[in-house]
Amino acid sequence: MRCFFSFSITCLLFLAPLPVLSMQFEASIDKNKMTLDEDVTVTIQVSGEDVQDNVPFPAIQESPDFKFVNKNNYQNSSQNITVINGRFKKSIVRTVTFQFVFKPVRIGECQLPSFAFNYNNTQKNFAGSKIQVLKESPESADIDFFFTFSKNKLFVNEQMVLTAVLRKKAGSAVNQIKRPEIEKNLSRYFWMKPVTDKVEGKIESVNGQNYEVYRISFIAFPVLAGTIKIPSVPLEYTVVERRRQQNRDPFFNDAFFNSFFDNATTKTKTKYSSPVTLEVKDLPSLRKPADFQGAVGVFSIAAMVDKTNIKAGEALNLKVTVSGRGNEKSFNAVHIKNIDRFEVFDPEITATADVKGGEVRITKIFKYVLIPQVEGAYSIGPITLYYFNPDRGVYDSAQTEIAISVKPGKVSRTSGERYLSKEEIKLVGKDIQYIKTSAGRLTDQSKRLYREPLFALLTVFPFLFTLVFALVQRQRERLETDIEYARMKKARKKAARLLAGAETQVAHSAGGEFFATINKSLSGYIADKLNLAAAGLTNDMIRETLLKRGVGNVAVDEVLGFFNECDLYRFGSMSASETERRAQYRKAEALITRLEKELK
Amino acid sequence: MRYAAYCALVLAALATAPCMAATDLGLEYFSRGNSFYEKTLYDSAFACYDKILSMGLHNASVYYNIGNALYRKKEIGRAILNFERASLLDPSDRDIAANLRFAYMATVDKIPPREIGFFAAAILKLHTMFSIRTQTLLFLALLYLTTLFFLVFRYAHPRFRNMSLTLCIVCGALFAMLSASFFTKIYRENTVKDAIVLVDKLNARNAPDGDQVLFSVHEGAKFTLVRKVGGWYYAALDNGVAGWIPEDEIGVVEIE
Numbered sequence: 001m002r003c004f005f006s007f008s009i010t011c012l013l014f015l016a017p018l019p020v021l022s023m024q025f026e027a028s029i030d031k032n033k034m035t036l037d038e039d040v041t042v043t044i045q046v047s048g049e050d051v052q053d054n055v056p057f058p059a060i061q062e063s064p065d066f067k068f069v070n071k072n073n074y075q076n077s078s079q080n081i082t083v084i085n086g087r088f089k090k091s092i093v094r095t096v097t098f099q100f101v102f103k104p105v106r107i108g109e110c111q112l113p114s115f116a117f118n119y120n121n122t123q124k125n126f127a128g129s130k131i132q133v134l135k136e137s138p139e140s141a142d143i144d145f146f147f148t149f150s151k152n153k154l155f156v157n158e159q160m161v162l163t164a165v166l167r168k169k170a171g172s173a174v175n176q177i178k179r180p181e182i183e184k185n186l187s188r189y190f191w192m193k194p195v196t197d198k199v200e201g202k203i204e205s206v207n208g209q210n211y212e213v214y215r216i217s218f219i220a221f222p223v224l225a226g227t228i229k230i231p232s233v234p235l236e237y238t239v240v241e242r243r244r245q246q247n248r249d250p251f252f253n254d255a256f257f258n259s260f261f262d263n264a265t266t267k268t269k270t271k272y273s274s275p276v277t278l279e280v281k282d283l284p285s286l287r288k289p290a291d292f293q294g295a296v297g298v299f300s301i302a303a304m305v306d307k308t309n310i311k312a313g314e315a316l317n318l319k320v321t322v323s324g325r326g327n328e329k330s331f332n333a334v335h336i337k338n339i340d341r342f343e344v345f346d347p348e349i350t351a352t353a354d355v356k357g358g359e360v361r362i363t364k365i366f367k368y369v370l371i372p373q374v375e376g377a378y379s380i381g382p383i384t385l386y387y388f389n390p391d392r393g394v395y396d397s398a399q400t401e402i403a404i405s406v407k408p409g410k411v412s413r414t415s416g417e418r419y420l421s422k423e424e425i426k427l428v429g430k431d432i433q434y435i436k437t438s439a440g441r442l443t444d445q446s447k448r449l450y451r452e453p454l455f456a457l458l459t460v461f462p463f464l465f466t467l468v469f470a471l472v473q474r475q476r477e478r479l480e481t482d483i484e485y486a487r488m489k490k491a492r493k494k495a496a497r498l499l500a501g502a503e504t505q506v507a508h509s510a511g512g513e514f515f516a517t518i519n520k521s522l523s524g525y526i527a528d529k530l531n532l533a534a535a536g537l538t539n540d541m542i543r544e545t546l547l548k549r550g551v552g553n554v555a556v557d558e559v560l561g562f563f564n565e566c567d568l569y570r571f572g573s574m575s576a577s578e579t580e581r582r583a584q585y586r587k588a589e590a591l592i593t594r595l596e597k598e599l600k
Numbered sequence: 001m002r003y004a005a006y007c008a009l010v011l012a013a014l015a016t017a018p019c020m021a022a023t024d025l026g027l028e029y030f031s032r033g034n035s036f037y038e039k040t041l042y043d044s045a046f047a048c049y050d051k052i053l054s055m056g057l058h059n060a061s062v063y064y065n066i067g068n069a070l071y072r073k074k075e076i077g078r079a080i081l082n083f084e085r086a087s088l089l090d091p092s093d094r095d096i097a098a099n100l101r102f103a104y105m106a107t108v109d110k111i112p113p114r115e116i117g118f119f120a121a122a123i124l125k126l127h128t129m130f131s132i133r134t135q136t137l138l139f140l141a142l143l144y145l146t147t148l149f150f151l152v153f154r155y156a157h158p159r160f161r162n163m164s165l166t167l168c169i170v171c172g173a174l175f176a177m178l179s180a181s182f183f184t185k186i187y188r189e190n191t192v193k194d195a196i197v198l199v200d201k202l203n204a205r206n207a208p209d210g211d212q213v214l215f216s217v218h219e220g221a222k223f224t225l226v227r228k229v230g231g232w233y234y235a236a237l238d239n240g241v242a243g244w245i246p247e248d249e250i251g252v253v254e255i256e
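Protein sequences appear in the order of chains A and Y. Oh and the first sequence: position 431 is 431 in UniProt numbering, straight run, nothing missing. Oh and the second sequence: position 111 is 111 in UniProt numbering, straight run, nothing missing.
Just chain A, with the same shape it has in the complex (with noise of 0.2 Å):
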């Protein structure tokens, strides 16, 4: 059989596909013969979670053979809706459809242009495929296939009546029509319901002649918006042709012989649809309520639960069911508000479908089952569905709500997607809070700094350095108040300047000058030290102080010594040589030495 779908899978071949993200394609010609008068059209749908709105057209490769007629693109979302630890999360699964039109330019085996998709880097290519162009239609002229709708103009969801119309010509050869697939091919555009399973043939008379009129009609909901141009849908159906036998002999040559030797064959032909087009509108965005489904209809909400009086962490089986017409596929779930006082699971959904005086009558129930985790009297809801009324052309809602008694309990809680039991895990009112998603600089925290050396350095620093403060400021503060000991502390470094003074005069004084420097650095050391005054200092003040201070006989004789011979060679006749002069130098510098270490 060559079907719609068999020929398109046959025909379009996916070339080279690249990685490729959570997007589905599909691809489909409408007929693969055709006549010079005719058109194909190419549909290539794409569907997924990452599909937005923004989708480019696939870029399409010349081809000899076919001319561009024109191109469309619709759109549609449906939404999955789930439950976990509570909480409803959406998933939104976005499907675009791009429609091309050519028309063929020659007569033959023609090939259809390629087409190259590129998207959020994902890249398909598409083979163009084979299509046989026919200079006269193959089909024949006595059997008729056409589709006519309730509306032409409605909104996505909304229901209407599709009829597809087969009409034969009275006594014509067409021998046997296979029921065409409807609902196969028309699958991407529409949701349908049979209105009936039986289809009855009708004898109706067009432009004064006979034909047998089949219907077989369909509830169909669009589920695209747009100018939507439905496709042709192809027919099987047998012809009886009939030719005569060419007899040279003439014995056959009769009457009689030509009838009897009539052959029959039965030939296998295909009709396409004519395309139509429906306008489709989508809905409309005004004051549409946020948690909107997508459901389109008029419904009703009813709800019922198997207990009102129950304790806090026992089950609660609840039954939601939605019941009016409309398309029980363009919703998934139904709004429940304050549904955090609850642990829920994902609901079981059941739905049927029938139609009723030609539209369909839907009724889905949801199954939840619920676990009250808050105590109190309260209720369950409100518990709200809301549709688009495409009679008014506004967003509506149903509503209800079921008042519950909470008792306290040992309240339970789930922990991931199973029911554990109280043993396993007692209730707590919250999930554990969400993974750290940045670290910083992720440092290792582990190392402990009091056990490094320097920690102990630095402790003790402050201490010492107080301690030291502390002295050196005491210090400071006694040479500024007590002069004696100011006096005999800095002696010795007063000596040796004045010492350091004579030095560079050993070799350039003419012996007065550098004698006196001595003199004045010894006495002025021992008057520093015995804190008295250099001027009055006499021989024996000096004898009587020092010996006092525990300074030996020797060393005071040294002193006094020394101080007389300054005095004769400042004062007297003897000149010093430079060789004196510094040997006088060392003796000053060696009782200074002696003194300090003599001196108590």
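No lab work stands behind these hints, which were simulated from the structure alone. The structure displayed is predicted, hence computed values, not measured ones. In this text, a Cβ means the ideal position worked out from N, Cα and C, and glycines have one as well. Hints may be right or wrong, so weigh each one.
The calculated PhoX-like cross-link candidates involving lysine-lysine, where the alpha carbons are at most 25 Å apart (straight line), are [claimed, not checked]:
1) A:311 x A:337
2) A:281 x A:184
3) Y:228 x Y:193
4) A:407 x Y:110
5) Y:110 x A:447
6) Y:125 x Y:110
7) A:548 x A:587
8) A:520 x A:447
9) Y:193 x A:307
10) A:178 x A:193
11) Y:110 x A:311
12) Y:125 x A:447
13) A:184 x A:269
14) A:490 x A:407
15) A:447 x Y:185
Far from chain Y, some chain A residues (derived; all Cβ distances over 12 Å) [as the list claims (entries may be wrong)]:
16) 48
17) 146
18) 337
19) 409
20) 439
21) 443
22) 447
23) 454
24) 506
With chain A fixed as given, assemble chain Y onto it according to the hints.
Positioned in the frame of chain A, the structure of chain Y alone reads:
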């Protein structure tokens, strides 16, 4: 001189390079672990986080995320153990404290903690407010500030004395409090260890490998370890009940 400065810079860079590389790799594993976690591949997430620890990077965030992954795997005991370790490294982190509380609520045993008074609770709160690392730095900072203000008070111009005395007293008081907490913490860290039960049910016995079962606890229960004999610990629960428990059925709350 300039050459010497360059050499010093290069040497410093070479010395810190392995550390930097380890940190970068650790961050890479951390991010990979998080993406596995987001895809609910908790085993893979755990493996990535564990890799960071094996690199010697013991970080509170890593232990916290491990705890989360293990909690999702319903391994409550090990989850608590890792939250406790995270808390040891950063006791001031609210998420860690919340998840630790949460995980303890999911345990089977209800062990009422010893009751403490308001002031004791307040001091305990202050005690757990900072990590030991932060406390070390604060200890040094307050020590230096107290010393500085003391020296200013003692030796600086009289007009600074009142202010520096006040600051010295404030810093000194803070330093004293912090030091008490700091040294207590150091003492506890080096002498007292806690442990978490990792098996479904653990029997505490009267002696190491003893015949008599004193009491039973379940996964996630927390013990304070008192002493060890062979493969057994003498350990006490928060309510004071104590017994001998096997080493291989618990996880010690310490950074290995």
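- Message: Between the alpha carbons of residue 110 (chain Y) and residue 311 (chain A), is the straight-line distance 25 Å or under?
- Response: holds (21 Å)
- No chain Y beta carbon within 12 Å of residue 337 (chain A)'s: holds (26 Å)
- Can we confirm that no CB of chain Y comes within 12 Å of the CB of residue 443 (chain A)? violated (7 Å)
- Query: Under the criterion that the straight-line Cα-Cα distance not exceed 25 Å, is the pair residue 125 (chain Y), residue 110 (chain Y) satisfied?
  - Reply: holds (22 Å)
- Pairwise hint evaluation, residue 193 (chain Y) against residue 228 (chain Y), where the allowed Cα distance is 25 Å at most: holds (11 Å)
- Check the non-interface label on residue 439 (chain A): least C-beta distance to chain Y beyond 12 Å or not. Violated, because the least Cβ-Cβ distance between residue 439 (chain A) and chain Y comes to about 4 Å, which does not exceed 12 Å.
- Query: Per the stated criterion, does the least C-beta distance between residue 454 (chain A) and chain Y lie above 12 Å, as a non-interface residue requires?
  - Reply: Check fails; 10 Å does not lie beyond 12 Å.
- Message: For a C-alpha distance cap of 25 Å, please report whether residue 490 (chain A) and residue 407 (chain A) respect it.
- Response: violated (95 Å)
- Would the pair residue 281 (chain A) and residue 184 (chain A) pass a check requiring their Cα atoms to be no farther apart than 25 Å? It holds: about 23 Å lies between the C-alpha atoms, which stays within 25 Å.
- Is residue 125 (chain Y) within 25 Å of residue 447 (chain A), Cα to Cα? holds (23 Å)
- Beyond 12 Å from each Cβ of chain Y, as asserted for residue 506 (chain A): holds (42 Å)
- Task: Measuring Cβ to Cβ, find out whether residue 146 (chain A) lies farther than 12 Å from everything in chain Y.
- Result: At roughly 51 Å from the nearest Cβ of chain Y, residue 146 (chain A) sits farther out than 12 Å, so the non-interface label holds.
When held up to the earlier numbered hints, the structure conflicts with 5, 8, 9, 14, 20, 21, 22, 23 and fits the remainder.
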